[in-house]
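> Here is what each chain is made of, one letter per residue.
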Amino acid sequence: MDFSAIIPALPGMWEGMAMTLKLLVLGVVGGVALGTVLALMRLSHNPLLSRVAGAYVNYFRSIPLLLVITWFYFAVPFVLRWLTGEDMPIGAFTSCLVAFMMFEAAYFCEIVRAGIQSIPKGQMGAAYALGMNYGQVMRLIILPQAFRKMTPLLLQQSIILFQDTSLVYAVGLMDFLNAARSRGDIIGQPHEFLIFAGLVYFTISFSASLLVKRLQKRLTV
Amino acid sequence: MDYNWDWGVFFKSTGIGQEIYLDWFVSGLGWTIAVALIGWLIALFLGSVLGVLRTVPNRWLSGLATAYVELFRNVPLLVQLFIWYFLIPDLLPEPIEMWFKQDLNPATSAYLSVVVCLGLFTAARVCEQVRTGIQALPKGQAAAAYALGFKLPQIYSQILLPQAFRIIIPPLTSEFLNIFKNSSVASLIGLMELLAQTKQTAEFTANLFEAFTLATIIYFTLNMSLMLLMRWVEKKVAVPGLISVGGK
Amino acid sequence: MISIKNVSKWYGEFQVLTDCTTEVTKGEVVVVCGPSGSGKSTLIKCVNALEPFQKGDIVVDGTSIADPKTDLPKLRSRVGMVFQHFELFPHLSITENLTIAQMKVLGRSKEEATDKGLKLLDRVGLKAHAHKYPGQLSGGQQQRVAIARALAMDPIVMLFDEPTSALDPEMVNEVLDVMVQLAQEGMTMMCVTHEMGFARKVANRVIFMDRGQIVEDCHKEEFFGNVDARSDRAKQFLAKILQH
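Chains as they are written, first to last, in this note's numbering: chain A, 1 to 221; chain B, 1 to 248; chain C, 1 to 244.
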């Protein structure tokens, strides 16, 4: 094994890492936003809304992420054409991002739902009693408290997503893993680059989980 | 980009012998189940051993199990799969390497890699569940067993594990379902399991919506059936009055 | 001011309120008591529609609660409520607790809201704690802040739902003092409480509830003065409470 070829390849791999992080951040932001809407729907008294959200969550939790990524890669161009009537060239990045947002939303929904349910019912009563409407109650009183409580879980789920972004390999997107692998193949040292990629993923995930654990302890004290 | 819907596509001939496209899905499902089940056996066995090790009063053993869990949980599944499929065979003694690369047919070598990879990957998760289950038991249980003169291995096999496993059936169920979903990564090293067959059908027929819809339905049904199966198991082994972690 | 007319409520099959009827006129202080599970908390929560009811109607200052066209948030903003468990918002500072509804519901400016909030905080004797968070205050202090928070909305009536029953005994009086002062200033109040001393001191009327029904509804002098004329259930209840 000879790891000396890795250093000159670092800038190229950093571009891959930037892609990975972009997918991660946008995926988490979109996923949490959509997941929050789904959670509010699931908890709503309207049986239709809560059923639709329940079915969404159930559906995405039953199928593999890789299936969603692959399917969206094939399907999004068609769907966009049906919606807009013109050919819109969209790349693997957009289709992957949409896949991550929609898939992760199902998982974030369950976290947010549990977070909202963990806030004592009296808080909602008190906010209503002050004359707030549903939107204000949620936005000003319930969600800020719920998000504080569920930050560790949201971060844990984000760490899982960080690892799962590597699945974009399936559609040829140049994320960190793919950038490392392709460089390893070109140079003829696939093993070294694979091990290096594994080490990088490990270091980031491991230290992030340590931080989350610390945060969790601080929040529970 | 006009799209021709054709839900009858699954009954059309693939052009290879007598096969129809539905046969591809059936064979893909077969591989998916074969990967997941054998992987699960490995995960359950190894995960239980590791889970016990994490709770034994020995720093070295529990540290070893902790290191295993951290390692396998913090490296993406796909990286692990590439390591098992591309890297490990090269590190094996030459006769075994040649056997793996040349004598085995490609499906078998991919299958072996995936099963080992998923088994070891999932073992880390099973380990955490087993540990949680054991630690959820009242401390008095182990003390009472010691007081009755049991030795440590007996305490685990007779007293702690039978209770712990009952408690953790719900979280284990979700790991069991996960291994079926995770088995789809096998498609990335060329094993023709369900997802790979779906992709191939989509490419051959251009009826991608039909193909992916069928795959979704199969995964969904599989998921639901496994969940029902595990609920049945949970009821079957339930002990009256023994509380479960998630239950009321 | 508040008129409760033949209100009945069910949780599924179980009837929690049965045909409750009473009035609270302007400036009146009405104490609602009764054993736990008698429906008194449920009744008071119906008054600002925090709990729905299936039959009857409640009219607050001319506005019907059963009417589906009623703007409930608007109605609630005019009815102050104090809860058993205070329900201050733990993620907001005391000042923010006092101002958030003034600003977001009544549309007051930040200065106006803060000014008003701090004045009321001073009135309940907690001005020095304005910058703290609810978790840093004692139960009694939190409840006084909760009263100030409700008052900041300039309510036409105040509802109290067992305001002292979650407090340690030594903190009960600081809260009751604030309530007595309010009553003496002429605030219309409906209070669910077991504090019979408070009832004797400032109540005009006492309502006794049991098993979802209003069993007694009479003037304070009648309620406490003429015990023999009370129903058996009320007598039992009073005997238990007044022993102490």
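One thing to keep in mind: the hints can contain errors.
[Unchecked claim] With a Cα cut of at most 30 Å, we get these calculated DSSO-like pairs of lysine-lysine:
{"#": "1", "chain 1": "C", "residue 1": "K55", "chain 2": "A", "residue 2": "K121"}
{"#": "2", "chain 1": "C", "residue 1": "K110", "chain 2": "A", "residue 2": "K149"}
{"#": "3", "chain 1": "A", "residue 1": "K22", "chain 2": "A", "residue 2": "K121"}
{"#": "4", "chain 1": "A", "residue 1": "K121", "chain 2": "C", "residue 2": "K220"}
{"#": "5", "chain 1": "C", "residue 1": "K110", "chain 2": "A", "residue 2": "K121"}
{"#": "6", "chain 1": "A", "residue 1": "K22", "chain 2": "C", "residue 2": "K110"}
{"#": "7", "chain 1": "C", "residue 1": "K116", "chain 2": "A", "residue 2": "K121"}
{"#": "8", "chain 1": "C", "residue 1": "K235", "chain 2": "A", "residue 2": "K121"}
{"#": "9", "chain 1": "A", "residue 1": "K217", "chain 2": "C", "residue 2": "K132"}
[Unchecked claim] Restraint-style ranges between C-beta atoms, simulated for each label pair:
{"#": "10", "chain 1": "C", "residue 1": "K110", "chain 2": "A", "residue 2": "R148", "range": "39 to 45 Å"}
{"#": "11", "chain 1": "A", "residue 1": "S4", "chain 2": "B", "residue 2": "E19", "range": "49 to 55 Å"}
{"#": "12", "chain 1": "A", "residue 1": "P144", "chain 2": "B", "residue 2": "Q158", "range": "39 to 45 Å"}
[Stated by the list, open to error] Sample of chain A residues with no beta-carbon within 10 Å of chain B, all distances over it, derived:
{"#": "13", "residue": "W14"}
{"#": "14", "residue": "K22"}
{"#": "15", "residue": "Y56"}
{"#": "16", "residue": "Y59"}
{"#": "17", "residue": "L65"}
{"#": "18", "residue": "L83"}
{"#": "19", "residue": "Q163"}
{"#": "20", "residue": "L167"}
{"#": "21", "residue": "A170"}
{"#": "22", "residue": "A197"}
{"#": "23", "residue": "S205"}
Just so you know, the hints here were simulated from the structure itself, not pulled from any lab data.
C-beta atoms are modelled at their ideal positions from N, C-alpha and C, and glycine is treated no differently.
> Now look at each hint and say whether the structure bears it out.
Going down the list of hints, with the structure as the test:
Taken as a hint, the C/K55 and A/K121 pair is honoured in the structure, with Cα atoms around 24 Å apart against an allowance of 30 Å. Note on C/K110 and A/K149: the hinted pairing holds, with a Cα-Cα distance of about 28 Å set against a maximum of 30 Å. Taking the CA atoms of A/K22 and A/K121, the gap is near 38 Å; set against the 30 Å cutoff, the hint is violated. For a cut-off of 30 Å, the pair hint linking A/K121 to C/K220 is broken: about 34 Å separates their Cα positions.
Distance check on the hinted pair: C/K110 and A/K121 sit about 28 Å apart at the alpha-carbon level, within 30 Å; holds. Taken as a hint, the A/K22 and C/K110 pair is broken in the structure, with Cα atoms around 39 Å apart against an allowance of 30 Å. Pair hint C/K116 plus A/K121 holds up; C-alpha atoms about 28 Å apart against a cutoff of 30 Å. This hinted pair does not check out: C/K235 and A/K121 have alpha carbons roughly 34 Å apart, beyond 30 Å.
At roughly 23 Å between alpha-carbon atoms, A/K217 and C/K132 fall within 30 Å of each other, so this suggested pair holds. Between C/K110 and A/R148, the C-beta spacing of about 23 Å breaks the proposed range 39 to 45 Å. Against the hinted window of 49 to 55 Å, the Cβ-Cβ separation of A/S4 and B/E19 comes to about 50 Å, which satisfies the hint. Under the hint 39 to 45 Å, the C-beta atoms of A/P144 and B/Q158, about 50 Å apart, miss the expected range.
The claim that A/W14 lies off the interface holds: its Cβ sits roughly 18 Å from the closest Cβ of chain B, which is beyond the 10 Å cut-off. Interface exclusion of A/K22 from chain B stands, the closest Cβ pair being 17 Å apart, more than 10 Å. The claim that A/Y56 is not at the interface with chain B holds, since no C-beta of that chain comes within 10 Å of its own (minimum 13 Å). At roughly 7 Å, the least C-beta separation between A/Y59 and chain B is not larger than 10 Å, which violates its mark as non-interface.
With a closest Cβ-Cβ approach of about 8 Å to chain B, A/L65 is found to fall inside the 10 Å limit, against its non-interface label. For A/L83, the condition that its CB be more than 10 Å from all CB atoms of chain B holds, with the nearest at approximately 13 Å. Some Cβ of chain B comes within 10 Å of the Cβ of A/Q163; the nearest lies about 4 Å off, and the non-interface call is violated. Listed as outside the interface, A/L167 is inconsistent with that label: its C-beta sits roughly 6 Å from the nearest C-beta of chain B, within the 10 Å cut-off.
With 10 Å as the threshold on Cβ separation, the claim that A/A170 sits away from chain B is violated: the shortest Cβ distance comes to roughly 6 Å. Consistency note on A/A197: stated as away from chain B, yet its beta-carbon is not over 10 Å from all of that chain's, at 6 Å minimum. A beta-carbon of chain B comes within 10 Å of the beta-carbon of A/S205; the shortest separation is about 4 Å.
In summary, the numbered hints that this structure violates are 3, 4, 6, 8, 10, 12, 16, 17, 19, 20, 21, 22 and 23.
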